[in-house]
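Under the working numbering, the first residue of the sequence shown carries the number 1, and numbering increases by one thereafter.
Be aware that one or more of the hints could be misleading.
Taking CB as the label site, the calculated pair distances span [what the hints assert, rightly or not]:
#: 1; residue 1: 84; residue 2: 162; range: 24 to 32 Å
#: 2; residue 1: 219; residue 2: 13; range: 42 to 50 Å
#: 3; residue 1: 198; residue 2: 231; range: 15 to 23 Å
#: 4; residue 1: 253; residue 2: 150; range: 19 to 27 Å
#: 5; residue 1: 228; residue 2: 193; range: 21 to 29 Å
The set of hints was computed from the structure by calculation and includes no laboratory data.
Source: prediction; values computed, not measured.
Even glycine gets a Cβ: it sits at the ideal position worked out from N, Cα and C.
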Amino acid sequence: MGDNHHIHLYTSIPFPPKHAVSLADSGLDEIRFHLLDLELERYLPTITACAETSMNVGIEIPCEPDKEERLYELIEELRHTSIEFINLNELEITVGNHDNMELRGFNLTNELTAGAEGSDELARAIRNQVNMANVGMDTREPYGYSVKYCTSSYKDSGQLRRRFMRRGEASISPHEQLTDDGTLVFGAIYCQDDESAEFLEELVETCDIPEQFLYHDADNGRIEVPLLLAEGIADEIAAPAAMIEVHPTYERLEVSLIWLNEHRP
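Whenever a hint applies, use it, and build me the whole structure from the sequences.
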């Protein structure tokens, strides 16, 4: 790969310090430690051993808003170590950790990123405190290491589509289609709430479609159906019909609406 190829390792394992030299000798340029439970002490011997080699040594952790006090304690404790940097990552809410994040009271910052509310503000505050002290713009003593911050929106530039695809695959309903962009598309027939039962019954009988392919969305005053069905009956019904496209998130942000006939709600 050549001398200019940079290799880094990200690990949460405080491996035996004796292995540090062999890692450096094998060509590892940089090692980043993810501190489980933000506990530093058990990693100190390994961090020290790695710092005595040619490797760059740092910490990489998510910025969890409900651990603010511990994070501020940690950046002070790290003054007394040999690390060169901390990488703070905006805490992300994903399909895999959604239930846990919900229990901890976290919401998405907005619909377009997976960032947890409060993580961005905390990460920026920590980064500014450390880096300003390092250049003499703060009354605190320099920390001896730098802080970099990676937002979820930055990572999303390459990951948002893949994240949507995973969410879509996990949450798709029978009447929905998953697009190449990871969004969900379906048809919709608009009706009054007191007419919904009649509409559903008529669709099942006349279109010979199983009930599991129909969904009454009372909040938006419509019945969700497969797009092919909506397109097929749009000109034959006296009700508004549309194609709807949404993000596969909990809030289901509506990103596209195309009317299929001349009727409107």
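Hints and how they fare:
1. 84 x 162: 24 to 32 Å: Since the Cβ atoms of residue 84 and residue 162 sit about 31 Å apart, the hinted range of 24 to 32 Å holds.
2. 219 x 13: 42 to 50 Å: Distance hint for residue 219, residue 13 holds at roughly 47 Å.
3. 198 x 231: 15 to 23 Å: holds, 22 Å
4. 253 x 150: 19 to 27 Å: Given range 19 to 27 Å: holds, Cβ gap about 24 Å.
5. 228 x 193: 21 to 29 Å: At 26 Å between Cβs, range holds.
Figure legend: structure checked against the earlier numbered hints; every hint is met.
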